[in-house]
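We have chain B; now place chain H onto it with these hints.
Number of protein chains: 2
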Amino acid sequence: MAKNEDFVKDIANIDEDFAQWYTDIVKKADLADYADTKGLVAIKPYGFAIWENIKNYADKLFKETGIQNVYFPLLIPESLLQKEKDHVEGFAPEVAFVTEAGGEKLDEKLCIRPTSETVFSTLYAKWLKSWRDLPMEYNQWCSVLRWEKETRPFLRSREFLWQEGHTIHETEEEAKARTLKMLEIYADIVENMLAIPVLKGRKTEKEKFAGAEETYTIETLTRDGRALQSGTSHYFGQNFTKPFEVKFQNREGKEEYAYQTSWGISTRLVGALIMAHGDERGLKLPPKVAPIQIRIIPIAQHKEGVLEKVKELKERLQKEFRVEIDAREQVTPGYKFNDCELKGIPVRIEMGPRDIENNQCIIVRRDTLEKITVKLDELEEKLKDIMEDIQKNMYNICKKRMEEKTSIARTLEEFEEKINTNQGYIKAMWCGSAKCEDKIKERTGAHSRCIPEKSEEISDVCVCCGKKAKEMVYWGRQY
Amino acid sequence: MAKNEDFVKDIANIDEDFAQWYTDIVKKADLADYADTKGLVAIKPYGFAIWENIKNYADKLFKETGIQNVYFPLLIPESLLQKEKDHVEGFAPEVAFVTEAGGEKLDEKLCIRPTSETVFSTLYAKWLKSWRDLPMEYNQWCSVLRWEKETRPFLRSREFLWQEGHTIHETEEEAKARTLKMLEIYADIVENMLAIPVLKGRKTEKEKFAGAEETYTIETLTRDGRALQSGTSHYFGQNFTKPFEVKFQNREGKEEYAYQTSWGISTRLVGALIMAHGDERGLKLPPKVAPIQIRIIPIAQHKEGVLEKVKELKERLQKEFRVEIDAREQVTPGYKFNDCELKGIPVRIEMGPRDIENNQCIIVRRDTLEKITVKLDELEEKLKDIMEDIQKNMYNICKKRMEEKTSIARTLEEFEEKINTNQGYIKAMWCGSAKCEDKIKERTGAHSRCIPEKSEEISDVCVCCGKKAKEMVYWGRQY
Numbered sequence: 001m002a003k004n005e006d007f008v009k010d011i012a013n014i015d016e017d018f019a020q021w022y023t024d025i026v027k028k029a030d031l032a033d034y035a036d037t038k039g040l041v042a043i044k045p046y047g048f049a050i051w052e053n054i055k056n057y058a059d060k061l062f063k064e065t066g067i068q069n070v071y072f073p074l075l076i077p078e079s080l081l082q083k084e085k086d087h088v089e090g091f092a093p094e095v096a097f098v099t100e101a102g103g104e105k106l107d108e109k110l111c112i113r114p115t116s117e118t119v120f121s122t123l124y125a126k127w128l129k130s131w132r133d134l135p136m137e138y139n140q141w142c143s144v145l146r147w148e149k150e151t152r153p154f155l156r157s158r159e160f161l162w163q164e165g166h167t168i169h170e171t172e173e174e175a176k177a178r179t180l181k182m183l184e185i186y187a188d189i190v191e192n193m194l195a196i197p198v199l200k201g202r203k204t205e206k207e208k209f210a211g212a213e214e215t216y217t218i219e220t221l222t223r224d225g226r227a228l229q230s231g232t233s234h235y236f237g238q239n240f241t242k243p244f245e246v247k248f249q250n251r252e253g254k255e256e257y258a259y260q261t262s263w264g265i266s267t268r269l270v271g272a273l274i275m276a277h278g279d280e281r282g283l284k285l286p287p288k289v290a291p292i293q294i295r296i297i298p299i300a301q302h303k304e305g306v307l308e309k310v311k312e313l314k315e316r317l318q319k320e321f322r323v324e325i326d327a328r329e330q331v332t333p334g335y336k337f338n339d340c341e342l343k344g345i346p347v348r349i350e351m352g353p354r355d356i357e358n359n360q361c362i363i364v365r366r367d368t369l370e371k372i373t374v375k376l377d378e379l380e381e382k383l384k385d386i387m388e389d390i391q392k393n394m395y396n397i398c399k400k401r402m403e404e405k406t407s408i409a410r411t412l413e414e415f416e417e418k419i420n421t422n423q424g425y426i427k428a429m430w431c432g433s434a435k436c437e438d439k440i441k442e443r444t445g446a447h448s449r450c451i452p453e454k455s456e457e458i459s460d461v462c463v464c465c466g467k468k469a470k471e472m473v474y475w476g477r478q479y
Numbered sequence: 001m002a003k004n005e006d007f008v009k010d011i012a013n014i015d016e017d018f019a020q021w022y023t024d025i026v027k028k029a030d031l032a033d034y035a036d037t038k039g040l041v042a043i044k045p046y047g048f049a050i051w052e053n054i055k056n057y058a059d060k061l062f063k064e065t066g067i068q069n070v071y072f073p074l075l076i077p078e079s080l081l082q083k084e085k086d087h088v089e090g091f092a093p094e095v096a097f098v099t100e101a102g103g104e105k106l107d108e109k110l111c112i113r114p115t116s117e118t119v120f121s122t123l124y125a126k127w128l129k130s131w132r133d134l135p136m137e138y139n140q141w142c143s144v145l146r147w148e149k150e151t152r153p154f155l156r157s158r159e160f161l162w163q164e165g166h167t168i169h170e171t172e173e174e175a176k177a178r179t180l181k182m183l184e185i186y187a188d189i190v191e192n193m194l195a196i197p198v199l200k201g202r203k204t205e206k207e208k209f210a211g212a213e214e215t216y217t218i219e220t221l222t223r224d225g226r227a228l229q230s231g232t233s234h235y236f237g238q239n240f241t242k243p244f245e246v247k248f249q250n251r252e253g254k255e256e257y258a259y260q261t262s263w264g265i266s267t268r269l270v271g272a273l274i275m276a277h278g279d280e281r282g283l284k285l286p287p288k289v290a291p292i293q294i295r296i297i298p299i300a301q302h303k304e305g306v307l308e309k310v311k312e313l314k315e316r317l318q319k320e321f322r323v324e325i326d327a328r329e330q331v332t333p334g335y336k337f338n339d340c341e342l343k344g345i346p347v348r349i350e351m352g353p354r355d356i357e358n359n360q361c362i363i364v365r366r367d368t369l370e371k372i373t374v375k376l377d378e379l380e381e382k383l384k385d386i387m388e389d390i391q392k393n394m395y396n397i398c399k400k401r402m403e404e405k406t407s408i409a410r411t412l413e414e415f416e417e418k419i420n421t422n423q424g425y426i427k428a429m430w431c432g433s434a435k436c437e438d439k440i441k442e443r444t445g446a447h448s449r450c451i452p453e454k455s456e457e458i459s460d461v462c463v464c465c466g467k468k469a470k471e472m473v474y475w476g477r478q479y
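Chains as they are written, first to last, in our numbering: chain B, 1 to 479; chain H, 1 to 479.
Chain B on its own, in the form it takes in the complex (with noise of 0.2 Å):
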């Protein structure tokens, strides 16, 4: 039989080295596999039912908004990505292209849609012709290329599954209310779903996405206290539109140029939440996300009646749960317990012989490991307190992680020191210019993260060059 130390010994030791931890997890917990293609991963049946369970909740999100999907083609003509002169700058290096398809050489080179401003913009100029048809606010579902130089399983992969949504508005109050609606939207489902806390704001000129007036930004904090950009919603003004013709007849019956956005989250968020939650043990997954809820683990299962009762109690629970038997004969319950554990199940419930006898099983917490001995009366009502608490409980975790692991820093010294000491997010002044925000990456390895609406008056001078402050940025390393 398998021993229980089967499964720590092929997993590093997540506070010596967490880089290395997060690789084994997303091995040992089947959520991913390397491809034959380098630096493509094979999305395995968990690891995708996380991702599924994250976008049926936020599809249907998009669509109490008013958002409709559809699927635009994979391949752009390499023409149409030049139009808007800071868009194709920022992707052109990480593009993959189609030179020969059918048997033959093409005449124009198609990339691999890295992200479809473009494609979309050019479908809109075409449909656009009054300001009646509008907002035209479309999303897709589907995987993008970027050939990234170094992968990370989810977090940084050369394809990856996101939702894209670009929309196009009469009015710049109207998009910009977009924009800023979705990132709400992506708000409640990181806090909400995935229980962990975000920081939102806007990003600095030189972290925002190639072509957009303003990136807004959820970010949220690993373990080991770096920062992870974990979704994005951008507000295009004109860049867009007036090169690709995005024109409508206003109100007044003149030409004018749509407004638009775009924004979208990915399977990043898996990563992100491998990253916030797991601890030793392996993955732990909040209830509202995670694919199995609850795993009956029968003991002595050989024995009279145990794996009927077993079966019959799954029946019961799969009413109001996501729940499974693990009933394989080859491995003892300890065996059990730890795969339990390192796949994140948020709830393990243990019954043997003595168990049915009082008419009870035990109950054990992911997130806490308690045991709760509970009367079968009582099981439903009992798992959906806890299951809350769970969800309760992982999004304070993380909250107060957040909190201890952000600091305040008024000169560079003091910057470096704290993030040396204690990683997290680094509160600062800046005056406003790209030249401190380069300084401040090369000296400490952090980056701006994100303008939080709210500033705070730390000091009046910037923390880097000491001129006059500008507004309060959160720094941080990522990954």
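Calculated directly from the structure, the hints in this document are not laboratory data.
All copies of an identical chain are treated as equivalent in the list; a pair is satisfied when it fits inside any one copy or across any two copies.
Straight-line C-alpha distance at most 25 Å; calculated DSS-like pairs for lysine-lysine:
1) K208 - K435
2) K105 - K83
3) K63 - K314
4) K309 - K375
Okay, now just chain H, sitting in the frame of chain B:
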């Protein structure tokens, strides 16, 4: 104001030029549009919503039988594609290749998946160890590329959306059972949801999938009597598992190659829907798959209370139906009626001041154009009956057409004459040789569609060569 005639004037006559009618409907009913890359289409919200409904229905059925979703890479190294001889011969001519990425020329060309047998086989080989790991039954919803010479939206597009399921099994029997199970599920989807009767059966050697032992198909019939292959399920035996070394330790402790299947349905089903049900007024959607089941059109909407009442009605009905209001001011009710018919919405409700006074509304069925006055108290109940009746009626119309357009032929002359006059399916005996299949195709334009499970004894000689017949085959011209 836009006039009623605007609708009809740009749509080809369905009985004179069905192919052009089809393309017109795709565009006019807002299902899809051509994109800037030749042969690729953009699926618009209304067309995509149809696919989403099919997808959700199918995905549920798959999962109920134990299928799990995954996402595997878009790009396949050329060397992988070449591992199975028949497979590469079948697909190589249609493949698109990525040769440059990230600013560099690639060492090995990467093909964009035309289908993923090779990818799944490679990964299964990596993961499979023991008979205890079997079956592995994974599916992915994704897009694939096949560089076809001639394209038509939904029916044959260079990029299309589909699901591809790939399973491996311990025994031949189990794999064959999965192959047939999927055929049943596909028939369920098309008959029960899309209201189109199918012909089920096995493909001939010549028509089967590249690399398969057996290919099973569901075939639908278009209004103009052509056959459409609408879903296929393949049994591979060990054709892929041997070259890809997908092997396991069997119950006797010996090494054995797994038995494999794959199966798929695609956005072609949207084309099948249009071609099976459409009429001179436009699209006609069965209620189960219709994105909008009811559209409410206010009459004299400027009069006090009308819009309020109509909104109230929508609130009420949306608890049970997918419903929307057409309250546009710039077009007449007549225009709206036509638009509603063009889009194939199963039921429209008209409601004006007099209806409100009489506590009633008028229901108009898209399938029969019947007008029914209904008291508001009985509305939901009545609508449920009507929806069921429309679904059934639409199925029956196609069923009757299929029966009328199925002929028997005992000689090649008879074959030719019947397919020229009646189109549709020809039932004829066949000797089993590809030579006769080629000859029949050359002479009549008909391909073999399938060999049904239950053969009929039409005669004992081949319709083509007159030699001893092996089995009965359905033949037909195709899109």
